[in-house]
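Residue numbers (the UniProt record's numbering), protein chains in the order written: chain A, 1 to 247; chain B, 1 to 213.
Check before you lean on any hint, since a few could be wrong.
[Claimed, not checked] These stretches of chain A come out as covered by chain B in the derived footprint (C-beta under 8 Å, 3 or more residues):
1) 68-80
2) 94-100
3) 104-113
4) 173-186
5) 233-239
Hints in this document: simulated from the structure, not taken from any laboratory. Cβ coordinates follow ideal geometry from the N, Cα and C atoms, glycine included.
As a plain string of letters, each chain reads:
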Amino acid sequence: MAEVSEYNGLIWKESFPGGAHWSGVIRRGTVLRLTDIEGGANIAMLMNNIEVKNERFNMPDTLKAQKTAFLTTPNMCFSDMGRVMCSVIADSCGWHDTIGGISNAAMVERKYGVKTYQQAHNDYYKNAYDGLINELSKWGLNSSDIVPNINWFSKVRVEDDGAMTFIENNSKAGDYVDLRFEMDCIVSLSSVQHAMDPNAEYKPKPIELSVFKALPVAQDDPCRIHRGENERAYYNTKVFYGENPND
Amino acid sequence: MTEKFDESRIVYREVVEAGKPWMHEVKAGQFFRIVDLEGNEAVDTLFYNATDHDERYSATDTIREQGNIYLTTGSVLRSNLGNPMLTIVDDTCGRHDTIGGACSAESNTVRYAIEKRHMHSCRDSFLMALGSCSCNHDKKMSKDDLSSNINFFMNVPVTPDGHLDFDDGISAPGRYVEMQAHMDTLILVSNCPQLNNPCNGYNPTPVEMVIWE
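Using the sequences and the accompanying hints, generate a full structural model.
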């Protein structure tokens, strides 16, 4: 694995188990590192601009602008307002899913059966939809904000005829992805298994979050110069924050 | 589900010009046909449960449950709650896009040039319908309600190595797609005004909407 950068210093670090949900504000100018502790994790993520909450991650705009169907470095994640929410500045995994969506209660029951809180306390079977609704609601967001999400560490391949296949063992223990935030975002996460994971056993994996102070974004930053589209979205983001867009 | 199209049972028929929004309800059991009158058009479409707009078309639930990113005859269009909203029952085009989304003023600045902001766009058409069209009985709908849409007649191939592109359309004059509604469904359409990519051959054209029962 490549040497892991600390950027301009660790700000905080937390881990949480599989099947959990989490939300928080990740500030512009910081790097959120997601780490797959054991391998085979899945982290469903949604992002909303904290100031203009109905500005959110837009899967089609992200994919179209960069002519890709998955995320890795040096991709940027675009909002529905033509701006950059975060940039993928490091990635030891190589492929993160954008089209598989999230699990819901009926799907989890069909696949794994029923295990309630009454039966299993915090080991009960959870699903990503309910987890994300729980987090979104804390910020005044709702089901309309459940738009196509990112599934970090998961890989879904599309054949020429359009058939979708979940690729197992895409992510190894210790794999990480570093997201440099370009916008102050509400980040909502669920660590439930991917909806297409064929493993019949309910066994979602733990993840770790660490936040670092980012290095300044240079004019020749690999994400900015990846495509003209990326530079223009970054330009729009600078304008939004009242900064000289050509810096 | 394979009832033959019957002109005598048409309850609604309208030609929608390129660049125009359109919003209409189709009742459970009714059929909804979009005819690509001149070919190569992209018809950007969203669906909502007519009685509960919080339930709406979900691109990811639809493609995941059928295990394929393209839509054609037999595809079940699913909601964010996983429920079937409509099923495609007839399709003379053969492939429709689920992940290309709709252009907007803002995304045009990113994809083409900052100066393209002022060109007509699909999300402007959507917002026009939601904000001012008499067909929107619930004026509370807004940009919050725009999610990833279907592009009928549009070809956005993905390769096994994850490359995505916009290809020339595979539609032709007179080709159509027809679906039957499982629930009372509100349909929101932008008949694509896009002049910057080949999805409609740089030449937006009219389509015809037909509802029959």
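**Report entry** Broken hints, by number
**Finding:** Violated hint: only 4; rest satisfied.
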